[in-house]
Amino acid sequence: MSFLEIDRVSLRFAGLLAVDEVSLRIEQGEMVGLIGPNGSGKTTLLNIITGNYAPDAGEVRLQGRRIDGLRPNRIARLGIARMFQLTRLFRRLSTLDNLITAGCAVGLGYHEAQARADALIEELGLGEVRDEDGANLSGGQQKLLEFGCMFMGDPRLAVLDEPFAAIHPSMREIMVRIIKDRHAKGQTFLIVSHDIPAVIDLRPRLVVMNAGSVIADGNFERVLNDPEVIEAYLGGAAA
Amino acid sequence: MLTLEAILLGLIMGVFYGLMAFGLTLIFGILKVVYFAHGESFMIGAFTYSLLALWLGVPLWLAIPSAIVVGGVVGVIVERLLIRPLYEKFGDWQAMRDEYAIIVTFGLSLFLVNLANQVFGPYPFRGPDLTDVARFEFGPLIVGGHRLAAAVLGGAVLIGAYLFIQHSFGGKQIRAVAQNRFGASIAGIDTRMVSMLVFALAGGLAALSGALLAPLFHASPDVGVLPALKSFVIVVLGGMGSPIGSLVGGLILGVLESLGALYISYTYRDTYAFAILILVLLLRPQGLFGERAREV
Amino acid sequence: MSGSRLRTRNEFLASLLFLALVALLPIWVTSTYWQGLFVVSMYFALLAVAWNLLAGYTGQFSLAPTAFAMIGAYTTGLLAHHFGLSPLIGIPAAIVVSAVVGMGLGRVVFRLRGPYLALTTLAFAEILRHVVRNAHQITRGEFGLRVPALFDHHLAYYYLFLALLLAVQTGLYLMLRSPAGLYLQAIRDDETAAASRGVNVIVWKTVAFTISGAICGIAGALYVHFAEIASPQIGHIFETGLVLASVVIGGMGTMIGPVVGAFLVEITSEQFRAIGLNHMLFFAFMVIVIVRFFREGLWGLSMLALRPWLAQPARKRRPLGAGGS
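Respectively, the protein sequence lines represent chains B, C and S.
So the number in this note's numbering is just where the residue sits in the first sequence, counting from 1, plus 333.
So the number in this note's numbering is just where the residue sits in the second sequence, counting from 1, plus 643.
So the number in this note's numbering is just where the residue sits in the third sequence, counting from 1, plus 66.
Please keep in mind that the hints were generated in silico from the structure rather than gathered at the bench.
Yeah, the Cβ is synthetic: ideal placement off N, Cα and C, and Gly gets one too.
Any given hint might turn out to be false.
Examples of chain S residues toward chain B, derived with CB under 7 Å [claimed, not checked]: (1) P245; (2) L248; (3) D256; (4) S262; (5) V265; (6) N266; (7) R373.
Build out the structure end to end from the sequences listed, making use of the hints.
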């Protein structure tokens, strides 16, 4: 039994088969990169894992327990934290409160959440905007904040959707540093990204999707030299 | 026989509802928010028609178009002053369009109703009938003369409006903006003008409805509130943004109300629309013709 | 202390100050007319606070606050009228009934957003009002239902309402400071994100509806014992308009806006009525202007003006096009 099992999952949107019988196993502590051209179904698959969509067919199991069809908040409480492609946060709550909310929502007590939030703020370099409303943060700071919210509850699986997009290099460094640090401590990661160099830096297992199916899965060096992958990207990013 | 007559009456009312719902659904199509002050266009039409005919002795063939024009003009003014911010990303409200729309249009509705109250007083005016013929008889069915004439006139205009939306260049522009405002503007469509056009059209059609019903409902400051609420129901029933949905929905609601008044209760006839709305929104939030969201 | 928490605390303290002022008013204002006016203001303040909790803090734009006031009003009124039950039973019953209906409504409309929610709650309110108006046998319709008084002296009502308003404000403040308060605001700001972070959106929306309904219910119940008559006018859509106006003018999503707004609206109404001018006209106009230009209402404006002298961060206007959206 793997940590996360995606078992022949399919999802159709009014005529478009977004995810086509995808099966995938992720072990605890793995660093998995999910890449593929636009429209390949990566974000949809993510949404299925985190409960934002329910699959038409197939199952998703977390440590043996079925989680497909559960509400997103249930799944968050079970230990799967996520980041959205277009940053989502609570604009009229302060940075600190954004983090505290995330912490309490997965079961932390208020003061414990506040202590952790302060520590995370230090780690993220957001000390300056600790008391500012989310709306007043810059785009990069907002992304960092959403990133930080994931770790408030010591998630079992962290799911990131395009974390490196549209972000200042210095902030990306902070993110990468934290990801590597947490990964070394045993955190499981699933990262969707278009930014192949940034993902490769994390030395991941690479899963490639195209048109709703998985077309390659394995060590990143081997996968990036796979002719089918190169063709799927149409001369794109093979480093 | 009573049933058949009820159905006929329902269809007639359905035409008037359709006039209101058609404009409202167009507004929703381009704005994606509800316009609460729609009933006041109805009220404006009712007052314009009644007062022009009663106070100024204007002949009916002039009073009706005047009502339409006044309704349209007010619609354009509202669009220009209050609705612009909704799609022009205005300051604080950028992230909260729904709130802004609800409060502003609700406030506008209250404002217009009370303005009419202040200017004309709360007492209803009864505009003149369209025709002197008291009633028409079709075999066993009897219909009031004004009602029939009004329904025929209203129906013709409504069909004309629908054809305009489907086939004319202006209509196509409107549909383009409804589908994708940004894309439409890149394609060269003047989205501001389209918004004004939609509000003018909606205002004019609602005003026509008000004018046609003035002899029956009597022009008073809050005469438009109930028709507006019912047109919301129709727009939701037919799918928000679907012109054909509003036409069909209008007829359906008219008939259901009429049959309900006959067989369930006449006193509570105005509650059926609301009950239907609640039921539909709970069972099928996207309306009868809308799309379903996938979320868990 | 964090920005949003600090703001909430200051708003709460300001509202306490205001209520303290209201408590002292009868020393100078001895006319029963004016005291009665303040009682009505406090009735609207309760509705405004309740609506602000639901709309300003949780983002659920319900158009049914006065419907719940009507539920509370008629629960106690009908119990007294038909069964001779004392208000000591009637008022608690009113709270329970309106809370239960609030819970039911919340549980049933949780999927609806924005205009759909507004329309459904409006439909709910209108059906209720129509039924109350037309069920003559039971409710005496537009003629109204005679309701027994609670006290002999006006001032007793004055301080009862004040005590309730104080209790509600304090309760609300404590809630906003707790995780619950964060969850509600998270739902307002981004429901999807809230769910993804672990907030049980259905439960908390239902909680908001229940509490809001209960507050409106008890306000309505107390009001009819004060006015000694219950009528379907309580639930009229224009009364809802007044509630909305109070909150928007005072400042939506703040702890003090609704309270001050309600007083302003009610007192100004009366002055307009006395001169013969249509007060709703003025308020509707004010609502439109404020919503169009000053989202934070009068409270927000005063905070902006006083900013140089205050130690807290105000809500900045984000320059268009910069940063996240």
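How the hints compare with the structure:
| no. | hint | result |
| --- | --- | --- |
| 1 | P245 | holds (4 Å) |
| 2 | L248 | holds (4 Å) |
| 3 | D256 | holds (5 Å) |
| 4 | S262 | holds (5 Å) |
| 5 | V265 | holds (5 Å) |
| 6 | N266 | holds (5 Å) |
| 7 | R373 | violated (14 Å) |
Taken one by one, the earlier hints fail for this structure only at number 7.
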